Every structure is written in C-alpha cells, then in structure tokens.
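Asker: Here's the letter readout for the chains.
There are 2 protein chains.
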Amino acid sequence: MNNFTYHNPVKIVFGKNTIAKIKDLIPANNKVLITYGGGSIKKNGVYDQVMKALSGYNVLEFGGIEANPDFNTLIKAVDLCKKEKVDFLLSVGGGSVLDGTKFIAAAVNYNGDPWEILTQKKSGKITKALPIGCVLTLAATGSEMNGFAVISRRETGEKLSFGSPLLFPQFSILDPQTTVSLSSHQTANGIVDAFIHVMEQYLTYDVNTPLQDRQSEAILKTLIETAPIVMNNPDDLDARANIMWCATQALNGLIACGVVQDWSTHMIGHELTAAYGLDHARSLAIVFPAIIENQKSRKFNKFIQYGKRTWHVIPADENNENDLNKAFDKVFNKTIDFFHSLGVKTKLSDSDLIPEKWAVNPEQTFEIIADRISKRGLKLGEHKNIGYDEIKEILNKCWK
Amino acid sequence: MNNFTYHNPVKIVFGKNTIAKIKDLIPANNKVLITYGGGSIKKNGVYDQVMKALSGYNVLEFGGIEANPDFNTLIKAVDLCKKEKVDFLLSVGGGSVLDGTKFIAAAVNYNGDPWEILTQKKSGKITKALPIGCVLTLAATGSEMNGFAVISRRETGEKLSFGSPLLFPQFSILDPQTTVSLSSHQTANGIVDAFIHVMEQYLTYDVNTPLQDRQSEAILKTLIETAPIVMNNPDDLDARANIMWCATQALNGLIACGVVQDWSTHMIGHELTAAYGLDHARSLAIVFPAIIENQKSRKFNKFIQYGKRTWHVIPADENNENDLNKAFDKVFNKTIDFFHSLGVKTKLSDSDLIPEKWAVNPEQTFEIIADRISKRGLKLGEHKNIGYDEIKEILNKCWK
Chain A
1 MNNFTYHNPV KIVFGKNTIA KIKDLIPANN KVLITYGGGS IKKNGVYDQV MKALSGYNVL
61 EFGGIEANPD FNTLIKAVDL CKKEKVDFLL SVGGGSVLDG TKFIAAAVNY NGDPWEILTQ
121 KKSGKITKAL PIGCVLTLAA TGSEMNGFAV ISRRETGEKL SFGSPLLFPQ FSILDPQTTV
181 SLSSHQTANG IVDAFIHVME QYLTYDVNTP LQDRQSEAIL KTLIETAPIV MNNPDDLDAR
241 ANIMWCATQA LNGLIACGVV QDWSTHMIGH ELTAAYGLDH ARSLAIVFPA IIENQKSRKF
301 NKFIQYGKRT WHVIPADENN ENDLNKAFDK VFNKTIDFFH SLGVKTKLSD SDLIPEKWAV
361 NPEQTFEIIA DRISKRGLKL GEHKNIGYDE IKEILNKCWK
Chain B
1 MNNFTYHNPV KIVFGKNTIA KIKDLIPANN KVLITYGGGS IKKNGVYDQV MKALSGYNVL
61 EFGGIEANPD FNTLIKAVDL CKKEKVDFLL SVGGGSVLDG TKFIAAAVNY NGDPWEILTQ
121 KKSGKITKAL PIGCVLTLAA TGSEMNGFAV ISRRETGEKL SFGSPLLFPQ FSILDPQTTV
181 SLSSHQTANG IVDAFIHVME QYLTYDVNTP LQDRQSEAIL KTLIETAPIV MNNPDDLDAR
241 ANIMWCATQA LNGLIACGVV QDWSTHMIGH ELTAAYGLDH ARSLAIVFPA IIENQKSRKF
301 NKFIQYGKRT WHVIPADENN ENDLNKAFDK VFNKTIDFFH SLGVKTKLSD SDLIPEKWAV
361 NPEQTFEIIA DRISKRGLKL GEHKNIGYDE IKEILNKCWK
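Those protein sequence lines, which keep their order, are chains A and B. Counting in the numbering used here, the first sequence runs from 1 upward without gaps. Counting in the numbering used here, the second sequence runs from 1 upward without gaps.
Worth flagging that the hints you see were computed from the coordinates, not collected in a lab. Quick caveat, the model's predicted, so the values are computed rather than measured. By construction, the Cβ of each residue, glycine as well, lies at the ideal position given by its N, Cα and C atoms. Please note that a few of the clues may not be correct.
Which chain B residues stay away from chain A? Per the calculated CB distances, all over 12 Å, these [stated by the list, open to error]:
{"id": "1", "residue": "Lys23"}
{"id": "2", "residue": "Leu60"}
{"id": "3", "residue": "Met231"}
To be clear about the criterion: a stretch of chain B counts as covered by chain A if any three or more of its residues have a C-beta under 8 Å from a C-beta of chain A, and this derived list gives those stretches [stated by the list, open to error]:
{"id": "4", "stretch": "8-16"}
{"id": "5", "stretch": "216-227"}
{"id": "6", "stretch": "244-253"}
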C-alpha cells in the first residue's frame, strides 16, 4: 500500500425528507445565495422545500448554471456575491451546479483573474472560500463529498479541473426522492459516471491494497445490480438511494487511499466534451473501452480480477493464459453490454450525439485533441506512457 | 436504507515513517501532553520518533494508562491537565490509551463529577474538549477514526462507553511499522476486535443496503485473508498495513450508514471484561458465537449471505432449506475455526484466562451479569428481544 492522507469533513445528511434540515446546518443571519441550473427544481418541488427550510434567512438566487458549468456564467454569480456580500452558498442541483458553486466560492476571494485558478494550477493558492452547502438532485459526480470541481470555458473550448480542501461542502443533503424525476438519459449518465470514477481508481496495477480493491468492487457490483432496477422502475426509492450512495462513495477519496490511479479516461473525455458538447458520462463510456483495448497488457491482471469478482464469468481459480485471454474479451463485452443496457453508446461513430462536422474528418479532430493534451506536458496513464501517439490511437478506437 | 447522518472529520495520515508529520499537525506553541500505556513505546522506538517530531514544543508526559483504561488513573491526568494548562493531548498507543485520552479531553472541561459522563449519559452535555491527536500503535479498536471511548472503573466492576463529535481526533497517524513489535496475542486480539466490529453492524436484518453490506464483507474477507499472513510473518509490513486499515474502516461509521446494528456482543462482552479482566477481544470471540446460536432464526438470512460471500462454502444460488441449515453450521464452524487459528478460544470454560473462582459457580456469575445489563432498562439485539433470560442463555452457551 502506498502512503496516503485521507481527510473528508463533509457532513452527509442522507434520506427521505431531509431537506428541511438545512435550517440546522446554515448559521442564522447568514445571507444565502441559492445556486441552481435550468430550473427543474422549480418543477419537482425541491425549490419549494428549500425555500421553506430557509424561511427567516436573507435569500438570493442565481439560476441558469448549465451542464459543464461555464466560466462566463459563473463570473456573473461571483459579481453578485461581491455586490451583495453573500455569506453562504447553497448549491441546489447536480454536480455541475455544485462544481460551478465551488468555483464561485473560490473566485469571490481570489486576487487576480479567476481563470488562473484553473489554468495556472493556482488552486493551492486558494486561501479563503465562501462556505458551501449542497442539496443534491442527481447521483453522478461525487462532487457532494469532495473538494474538486470541473469548469468549462466555451469561448476557448477548454474544460479543466481544480480542487482545494477549502471547497469541501460543509454539508450535503442527499434525499433520493429528488432524483425520481430524472430522465432515464440523466439516470444512465449518472450510473456510468460513478462506474468510471471507480474504474479510474481501481483498474491500474497492484500495490497490495486488498481492502480498497474490494471497496471498489463493492461499488461496481452494486451499480451493476441496481442499474436495471432503477432503469425499469424510476420510482423505486430504495434503488435510487443505493445508486445515490454508490455515486458519493465512488469519488469521496476513500477508494483512492493508498492505490495507484489513472484518470486518462476523464482527461481524454473532457476534451471530447469541451470540443463537441458530448455529455460527460457519454464521453467516458466511449473513451474507457478504447483505453482498455489500448492498454490491455498493462491493465490485464486487474481487469481479470474485476471480471472474476464483479461479473463472475471467470472461475476464481482460472490461471490458464489462453483461457484468461478469452475471459478478458468476455469481461470486456460484459462491460460494453452494461453501458448499452443503459442506452449509452460506446463508439463515437454510433453516437446520435455527434454533430455532423465530426463525420467529415474525425482524424483531424483527434490530432487537435492529442496535441492539446500532450502540450500540457503530462503523459497520461498509471505508467505515464500515454502521450500524443497513444491518445490518437485511443481516439481512433473511440471512433468505431 | 434507513436515513442517516455521516460526518467524520478525522485526518488520517497513513504509512511508513509518517510520525515526523506531527509537527505539521499540532499548532506551534501548544503545550502538549503525551499520553501512553505501559511503556512499550519506549522500547520499540515510537517514543523517540514522537519526541523528535515534537522538538520545539513544550511537552509533558502521562504514562501508565492500562488496557481497559481505568477512571482513577485517568483522573490523575485530568488533574495534571488542569494544573499545567495543557493545550493539546497526543495519544501514543492503542485504543485503550486513545479512549482514556478522549475521557481526559472531555473531563478537563466538565463541570461536575466526570463519572457522570459515563453513567448519566451526559455525553451530549460535553460542550468543550481538549483537542486530541493520535499516533496509533495497535490495529484493533477503530478509536483512531471515531468519537467514541470505553472506560472502566475497577472499584465498581463497571465498563461503560460514551461519545461526542468533539472527541474525534484531529488527526491519527497510522504507521504500520509501529505494530510490528506486537505479540501474536495482541495481534490476534486486534483482528478479532475488528472482525466483530464489522459483524455488529452487518449481521442483522436487511433494509436494502447492498453497498454497505459489500463494504462490510470487504473488511471481513480482507481480515480472513490477511490474518494468517501476519500471524505467520509478523514483520510483513504490507500485511500489517492492510490489517491496520481494516481495523480503522471497521469502526469509523461508514459501514453503519443506513443499516440496522446490534451491539449485544460488545454489551455482554464488556461485562465479562469488567467483572473478570478477560481481554476485550477474547470476550467478544466467546460471546459472538453464543449470540449467533441463540439468535439463529433472526440472523439466519444475513449469516447465510456472509457465508456465501465471505467463505464461499455455499453455492451463491443455494436456496434449499435443509441444505441452507447445513450450510449455516458449516459457516458457523468456519468462523469458530478462524478464531481458533488465531489462538483465540471461543468457550469460557476452555479459556486459560479464566480465574479459578469462575469454575466454582459460573451460573451465579451469569445471573449477576444478566441482572446488571437488564437493570439498565435496555433490551439488546436488533429486535430488542434479548433481556435477562436470553442473556443468561447466551452466557451459558459461552461457558461450554
């Protein structure tokens, strides 16, 4: 096991009808800015519950934070916070709203151009941030129990991440009832996002971390088992609760303790989203299989372990090399089938989300992306072996 | 899943050679009281590492905190803290030292007789406590990542627990090297303690918590797999690290999220320890099997699940009632064999730790214990069905 530090002070309040507890969690007399997205919270009753819980507080609102929250949108909220001297930010929505809110919290107190927080890796210089609370309405990103955020800038086609211990939400309210009104498209995206988060912390090489491996497999197995229940019966509150807790556990730092990580699926996926507006989760479902194929020899052993323990399609004592190679393909296909069962495509060329212009010359696009990533000077993968050439190979595999 | 709140702000610093980080974790100029036990830390180099890391601080010492820390010992430390105006308590040792340190931290600021904190369940009235740090030297109790403590009072034969969110250690340093010098007796005790902690949060009835179940099974399986490695090769640092992380994860609140718990093994075990000085873990290894036999019908389904997933001695699709009954016995025996493989006895009458006086009239002793527990007015077990009569039955099963 590698040395590690784990510290996660987020208070999780989980369960039905817990939104009313906001009033015990935000200091009295605070001026609160509620942040939200496209307004679905006004249709599904969440907004009303929040406003009722905040009765007595001085409350302002900032709506319209989009999926893959945009720098220019968020700067407007930063200006509002400064002007109104907001004390507390309450994010009501999914991971995009919360990530955007984290950026607002950091940018309000940042001296200089706030975009530097993302481009110049000055997140370590965040010395002060507004306190954040969260009412989560979508199980997916895990942002509700970590200090990370991903922000996009459409004018430059960039999508970048940052983090700070000062950006942990003080509390996150996770009421699975808020997720019942999600579309099957959104529900599927959340499941894929959580699944890939686990994979990026698990599917590397072994440094003798049997507990962490099993904690990862626990999330994978529960997602695989619960996904069809919730897709077939979106009103199943128990299933919604289980998916919600899986998504939180997938990215709160626990399964990352002492292990080797590989975030290359996210790094390449972010570029597809930034350039072409592909949903975050859908980019992951396309990039992940391509990386598995490209990095097969390096990820072989852990992939076989994943197959044995999660899909049970390989006998636990199987050791024959030929049979293991066949088993690899079987587990690969099981994984692809799982994404397809959620209505999520795994090839760019199949995706109905791909704009017309992609079809013209995908290779050219891939060169631009490979160039952009490799110019950041970091090779991807747990062995730091994925550079310009490998990224192009991976993107070609993503295509078809 | 039941509603729950989860909040655990302990910073874990895990790994080899991490004791030196103390200096980044305790505020400069603090007057620090180091608390420890029988002095093994002065033989295995831990004391020297701690003192080196604390160079520059004003440091006091309080040694001699015994296993099952005693009220009268701890009160002396409380007096010292008041007299010397100590700012910070640094526990260097195992769970007993840390539990004792938590009591000191609470009692220093408690108005009234500090024993009330335990007897009158006034722990909710703990409004202030000294900050605590921990250098852990024994993987067992999980106290390093929770706000609970168990304190004994030998003069009255009592052993009681309390807790407060103010008693979370600010940090816990977990260097597996500190556990290498433990005796096999102590190592075995730690493994049993962690194993039973998981069981008390897992082996109840199902409220649809598939992720938490698997997180519990992850710890059980890792303990079962790693125990023989560490017992046969006490110097195996990887195995020591894995046992250490299992013990922490077994009682940091995570696997308790949203599930039904049953702490009857601990409640009855504490009485055996309080009355007769039996090691904590050894009391658990005796009481737990007796409870399983006594509560067989109520715990049957979860016990079968534990057998299927942890011991793999039952086919996953086995449903035949007769076969499941046989399987129950098989899993029961596997569990007993596991304790025996660690050199831990599972019957009081077999135990070489039992004082002469027990053999004379065990039934009378059991009546005293059953009377003491039932007089507290709480029935034990997840169904609250374990009262005076059942406790006597369980204790008789404990005997032979």
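Asker: Hints broken by the structure, by number, lowest first?
Answerer: none
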